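K.L.:
Protein chains in written order, with UniProt numbering: chain A, 1 to 362; chain B, 1 to 362; chain C, 1 to 362; chain D, 1 to 362.
It should be emphasised that the hints constitute simulated quantities derived from the structure, not laboratory data.
Being a predicted model, the structure only gives us computed values, none of them experimental.
There could be a bad hint or two in this list.
[Said to hold, decoys possible] Simulated crosslink set (DSBU-like; lysine-lysine; CA at most 30 Å straight-line):
hint : chain 1 : residue 1 : chain 2 : residue 2
1    : D       : K51       : A       : K273
2    : D       : K51       : D       : K89
3    : A       : K241      : B       : K31
4    : A       : K273      : D       : K31
5    : C       : K214      : D       : K31
6    : C       : K51       : B       : K273
7    : C       : K241      : D       : K31
8    : B       : K31       : A       : K31
Number of protein chains: 4
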Amino acid sequence: MAKRIGILTGGGDCPGLNAVIRALVKGAILKRGWEVVGIEDGFDGLLEESKMRPLGLNEVRGILPRGGTILGTTNRGNPFSYPVEKDGKLEIVDISDRVVDNISRAGIDALVAIGGEGSLTIALELMRKGVPVVGVPKTIDNDLLETDVTFGYNTALETATYALDKLHSTAESHHRVMVMEVMGRYAGWIALESGIAGGADVILIPEIPFSIEKICESIERRRSRGSRFSIIVAAEGAMEKGGNRVVKSGPDLRHQVERLGGIGEYVSRRIGKCLDMDSRVTVLGHLQRGGSPSTFDRCLGSRFGIKALELIEKGIFGEMVCLRGTEIRSVKIEKAVRRLKLVNPRGQMVNAAEELGIMLGR
Amino acid sequence: MAKRIGILTGGGDCPGLNAVIRALVKGAILKRGWEVVGIEDGFDGLLEESKMRPLGLNEVRGILPRGGTILGTTNRGNPFSYPVEKDGKLEIVDISDRVVDNISRAGIDALVAIGGEGSLTIALELMRKGVPVVGVPKTIDNDLLETDVTFGYNTALETATYALDKLHSTAESHHRVMVMEVMGRYAGWIALESGIAGGADVILIPEIPFSIEKICESIERRRSRGSRFSIIVAAEGAMEKGGNRVVKSGPDLRHQVERLGGIGEYVSRRIGKCLDMDSRVTVLGHLQRGGSPSTFDRCLGSRFGIKALELIEKGIFGEMVCLRGTEIRSVKIEKAVRRLKLVNPRGQMVNAAEELGIMLGR
Amino acid sequence: MAKRIGILTGGGDCPGLNAVIRALVKGAILKRGWEVVGIEDGFDGLLEESKMRPLGLNEVRGILPRGGTILGTTNRGNPFSYPVEKDGKLEIVDISDRVVDNISRAGIDALVAIGGEGSLTIALELMRKGVPVVGVPKTIDNDLLETDVTFGYNTALETATYALDKLHSTAESHHRVMVMEVMGRYAGWIALESGIAGGADVILIPEIPFSIEKICESIERRRSRGSRFSIIVAAEGAMEKGGNRVVKSGPDLRHQVERLGGIGEYVSRRIGKCLDMDSRVTVLGHLQRGGSPSTFDRCLGSRFGIKALELIEKGIFGEMVCLRGTEIRSVKIEKAVRRLKLVNPRGQMVNAAEELGIMLGR
Amino acid sequence: MAKRIGILTGGGDCPGLNAVIRALVKGAILKRGWEVVGIEDGFDGLLEESKMRPLGLNEVRGILPRGGTILGTTNRGNPFSYPVEKDGKLEIVDISDRVVDNISRAGIDALVAIGGEGSLTIALELMRKGVPVVGVPKTIDNDLLETDVTFGYNTALETATYALDKLHSTAESHHRVMVMEVMGRYAGWIALESGIAGGADVILIPEIPFSIEKICESIERRRSRGSRFSIIVAAEGAMEKGGNRVVKSGPDLRHQVERLGGIGEYVSRRIGKCLDMDSRVTVLGHLQRGGSPSTFDRCLGSRFGIKALELIEKGIFGEMVCLRGTEIRSVKIEKAVRRLKLVNPRGQMVNAAEELGIMLGR
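Put together the whole structure using the sequences plus the hints.
P.N.:
Structure representation (structure tokens):
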């Protein structure tokens with residue numbers, strides 16, 4: 001039976017989003033004869049009819065190698081706690097009824113929500129109000145449970161490793177400590193894997209509180225063996241031992257961990273004090289979100305899109321597509337959003353890093 | 001107890017080999033105080049003492065981002081069927097006793113063989129003669145069983161997709177059919193995944209015999225919808241329906257599938273006959289083996305190396321390290337080399353490709 | 001005074017064409033209030049009204065980083081010798097009157113022809129029939145006189161050097177001779193500059209006939225000094241000493257130099273006979289034309305486009321924009337197309353290559 | 001006559017330095033039979049014998065594609081004003097006599113100084129004290145007079161444009177203003193050329209004081225035409241109209257222009273106040289210095305090295321090699337260091353940018 005599906009992308013942009021959108025559109029139209037509605041700017045687009053538009057084959061032509069999302073995205077727009085101005089004051093109200101209404105009025109039979117923990121949680125709540133939703137996991141930080149990995153992360157790793165390769169030449173030539181700050185508020189995956197791949201000497205992740213003294217000792221030890229430079233990769237959420245940040249999942253608390261100048265700056269300054277070495281900071285920032293997706297991310301995004309269609313076809317809702325080994329499967333959304341997927345401080349990857357001689361800050 | 005381990009790399013070179021070697025050396029020396037012997041040019045290096053040399057931290061400095069293998073490699077040197085010149089004639093003899101002797105005289109407690117199906121089979125036979133071996137899987141074609149994937153494949157995919165991105169501009173500008181031939185004698189993984197990621201219109205793999213007529217029909221259909229160009233990715237081992245190649249694993253038969261001009265040339269010529277369209281061929285060839293390994297391959301190679309050390313430490317021999325989901329495990333070598341891992345013509349990845357509107361030649 | 005300008009791209013595609021088109025459109029519309037007509041598929045587009053369409057700001061949005069040309073191009077369509085089928089036979093006729101008529105009927109006040117020697121020669125002849133033309137030089141081979149360099153060449157060099165970097169790892173790991181064939185039918189610029197940048201050991205260019213014996217001697221000498229691999233870069237038009245190709249500019253004769261298997265194959269086979277070394281060939285082919293243009297080519301293309309508008313504004317026709325040092329200037333088209341710009345076999349660049357220890361085949 | 005030449009690299013590191021060093025070593029040893037002495041850590045290396053070491057062919061093997069300098073470099077070590085600790089206080093003394101002495105004792109017949117304005121000025125002063133010097137220009141900022149361009153700049157441009165391409169996807173997806181800060185304390189070349197190539201909407205350079213109001217107006221105008229994002233590239237030395245920085249060449253004053261948070265942060269904050277748009281900053285920083293040099297920079301560096309040898313051979317000292325059009329020439333060092341090469345605010349490149357619709361802050 002012909003269907004009309006709606007697609008939205010929520011949260012930060014991520015390489016591979018367009019691959020998912022393209023796969024959904026191609027698979028829906030070419031194979032199934034369904035219609036597709038593109039919803040602009042995340043959940044915000046469910047508030048206004050003008051932000052829903054038909055997506056055809058023409059709209060997805062040539063978008064596979066392009067970063068970002070042709071649908072636009074925002075971090076706002078949670079219909080269950082929506083900021084509304086009333087009498088000059090900002091009030092948080094629940095406008096989800098209106099959103100459910102809009103979805104139904106647009107004739108949308110199934111809503112594909114592509115997003116991270118935050119967006120998937122909203123999708124789940126909409127599901128509970130009767131909207132048939134399918135989730136597609138998206139997190140550049142690799143911090144979503146129940147899937148081996150999601151698209152975007154691989155591209156972000158390439159960007160970070162490419163940057164580390166570049167910093168190596170300056171570090172070596174100038175005998176410097178180079179600190180590179182990468183994404184990762186709660187989970188240190190990007191720092192850990194790009195650090196291993198980029199030949200870092202020290203890696204600091206949120207899951208392992210660090211000691212500046214031990215870092216300095218380790219750089220000193222390297223120097224005494226003739227290595228006159230060191231490379232440090234620090235996840236933005238890395239914390240000093242004794243620091244008072246409480247790790248808690250959920251986007252509401254995220255802004256607490258922002259800090260004047262950032263962790264890179266902090267580590268560099270502290271190291272400068274205990275070592276007589278020149279130290280410089282690079283903050284990768286938004287570069288990690290951008291650019292043409294890697295082969296891995298384009299494939300994974302495409303396969304996720306096709307799998308989402310199959311779930312809709314079978315009438316399976318409330319699930320999120322996921323990667324397990326080499327297979328695409330699906331899993332209940334609530335299992336995926338119950339907490340963030342963090343690096344295990346005693347796990348295999350951390351252990352490998354330490355056996356490679358990398359200092360984890362402890 | 002202090003050990004001395006030997007490392008060799010066999011078969012074609014592959015991005016990530018140096019990451020494995022570096023991890024083995026670092027993990028052995030820094031953490032365990034073991035000695036490492038580098039064996040040059042694959043199994044050939046076991047024949048001459050001059051080809052075994054100590055590998056220290058200095059030898060592996062800076063090799064992580066470099067392609068190839070610092071140990072050298074060859075496709076020759078199988079000690080169980082070794083070509084020896086006798087009275088002006090080439091004779092195939094079994095010199096494995098001498099090799100086993102050399103290994104023991106070099107004081108090697110464990111041999112780490114990094115290689116594909118061929119090299120791992122040799123390693124297994126050496127094991128049966130008493131040499132304690134650990135295998136590290138290496139195949140740029142992704143055709144090894146029992147591991148989700150090996151290093152090198154991801155980098156090769158990036159190279160192939162990068163090339164497809166490039167060919168797109170010429171194909172579009174000139175309204176041409178562009179055929180790109182990629183590696184894959186028996187397994188079509190590179191063609192399939194790079195084709196999906198590179199937005200190919202037709203993908204030809206060894207596992208699915210193709211029909212030129214159907215390919216031409218599909219290009220014709222595209223043209224009638226206004227698409228004046230098409231991109232075809234062909235694995236080197238792709239075969240026309242009714243062709244008489246018998247797929248059989250094992251390196252001995254591989255050269256049968258080589259063919260004058262290659263499959264790319266053949267497909268291009270045949271298409272030129274049935275369509276009035278300009279067609280050009282690109283053979284990626286050795287570019288797919290080369291270059292700096294991707295982040296994924298550097299990490300995977302590093303983790304494989306560390307895992308191999310752990311196996312040796314525990315006295316587990318005859319096993320090959322492998323990736324399962326996000327974990328590094330190990331598996332009996334004989335399970336991995338019993339046949340090649342081929343694309344399932346009715347499997348999930350092929351299905352996704354077809355739902356994306358890609359023509360698989362059938 | 002408001003004007004309407006026509007733009008066409010002729011000959012092979014080339015990274016940077018879209019930068020020129022975008023600059024012409026932006027500079028014409030934003031600054032001058034002119035109209036722009038895009039002519040599709042090179043000079044062919046001047047034959048049919050349906051191939052001329054208005055180009056506005058929307059049409060050039062996002063095209064700067066994209067390879068190829070949004071206008072399409074062909075190598076056919078010379079209106080002065082146009083193939084027409086008459087009574088089942090192909091006849092070459094002069095249809096330039098019709099073309100001149102079409103241009104005037106389309107209300108085009110000035111025609112910007114972006115192309116190489118061939119396209120610029122046609123443009124010049126149209127000029128002589130009264131069409132006000134401005135030329136923008138385009139040659140991926142860098143064989144156009146009167147400009148230091150054109151766009152496309154820099155990107156092609158990057159592609160070739162990137163490939164050489166990749167081949168190095170295989171060459172080193174396998175102790176092989178790797179031959180890479182690059183573009184350059186008459187001029188060896190790509191081979192020469194990418195060879196210098198990619199650390200080639202031997203470079204073969206059309207301007208210097210080569211001796212296989214001397215090449216083998218040089219590889220032998222390298223081997224005796226301990227270098228067990230060699231990298232050869234060969235321009236597709238390179239010739240053996242005593243070979244009988246007559247170098248002549250003009251696209252008509254170009255196909256004479258095509259040869260079974262190509263120069264790379266030939267050199268590899270001949271070297272295999274005199275040396276006992278494994279040798280492999282890579283033909284870069286269309287990869288050199290493709291891909292996102294480099295910064296240099298995007299800037300140069302953009303500046304060329306703006307300069308072309310300035311010429312039109314001043315009523316200067318029959319000139320081609322060009323780069324001299326760091327300045328964009330212009331020069332009479334006839335000066336640029338009088339012959340190809342070849343590598344000087346005794347010039348500074350060849351001399352530098354030889355001082356670097358590179359063997360030029362002589 | 002056999003000679004012994006000394007090589008040093010001064011100032012910040014820069015892609016292409018190793019190409020120069022390699023060319024000097026290869027050209028000196030292979031062609032001329034000269035000896036080469038590598039001087040470590042810039043002019044600092046002239047103070048201690050232990051920092052001078054013979055450079056042979058082995059030392060330069062494989063360094064062509066590598067960033068940085070194998071000789072190391074520092075920004076310190078000016079022998080004419082050298083900081084020495086005396087009685088617990090830092091005193092600036094002239095130790096140039098000792099340096100001249102060391103050079104002569106090391107048997108160095110000619111000193112090749114590879115560096116920017118600062119290093120070349122020191123070289124010139126050593127020349128005046130009798131040391132035969134040849135200069136090789138190096139500036140990643142492209143701010144050296146008397147050469148069309150130097151190596152390193154092209155690679156830095158590629159890095160900056162690559163980053164802009166990445167930021168585009170986030171800017172578009174999130175409807176944001178993205179500000180990217182690039183190098184350029186006094187000269188805006190990197191900002192200007194990467195901005196043109198990366199499709200920036202606003203470019204801020206030190207040579208053109210900017211007005212925040214006008215920038216906001218221009219972004220507002222874009223938004224009213226439907227473009228919901230804007231990209232701003234700012235050179236680190238860009239200044240607001242009415243700001244009080246005095247532009248003066250010479251490294252001594254450079255640190256005055258450093259500022260809390262940097263120009264990117266400043267512009268972003270100011271724009272956020274006058275526009276209701278989300279704005280983010282990326283500081284490229286040291287990424288611009290790093291990485292494998294581009295083809296252009298490897299070739300130019302190699303040719304510079306060879307030219308320097310020719311000058312020594314002819315006994316021409318006190319000159320700096322340079323690029324003019326397509327030729328390598330030489331020029332008196334004093335002509336090159338008399339002031340920095342700045343962007344002409346009324347010149348061709350700025351004009352082209354403005355015709356492309358780019359806002360230059362004025």
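K.L.:
Evaluate each hint against the coordinates.
P.N.:
Evaluation of the provided hints:
1. Simply put, K51 of chain D and K273 of chain A have alpha-carbon atoms about 27 Å apart, close enough for the 30 Å limit, and the pair holds.
2. Of the supplied pair hints, the one linking K51 of chain D and K89 of chain D holds, its CA atoms being roughly 26 Å apart against a limit of 30 Å.
3. With a CA separation close to 25 Å, the supplied pair K241 of chain A and K31 of chain B stays within the 30 Å bound.
4. Proposed proximity of K273 of chain A and K31 of chain D is contradicted: the alpha carbons are some 50 Å apart, above 30 Å.
5. As the CA atoms of K214 of chain C and K31 of chain D are separated by approximately 18 Å, the hinted pair is consistent with the 30 Å bound.
6. Only pairs whose Cα atoms come within 30 Å are accepted, and K51 of chain C paired with K273 of chain B is accepted, the gap being roughly 27 Å.
7. Between K241 of chain C and K31 of chain D the CA atoms are separated by roughly 25 Å; this keeps the pair inside 30 Å, and the hint holds.
8. Under the criterion of a C-alpha separation no larger than 30 Å, the hint pairing K31 of chain B with K31 of chain A is inconsistent with the structure, at around 56 Å.
In the structure shown, a violation is registered for the earlier hints numbered 4, 8, in ascending order.
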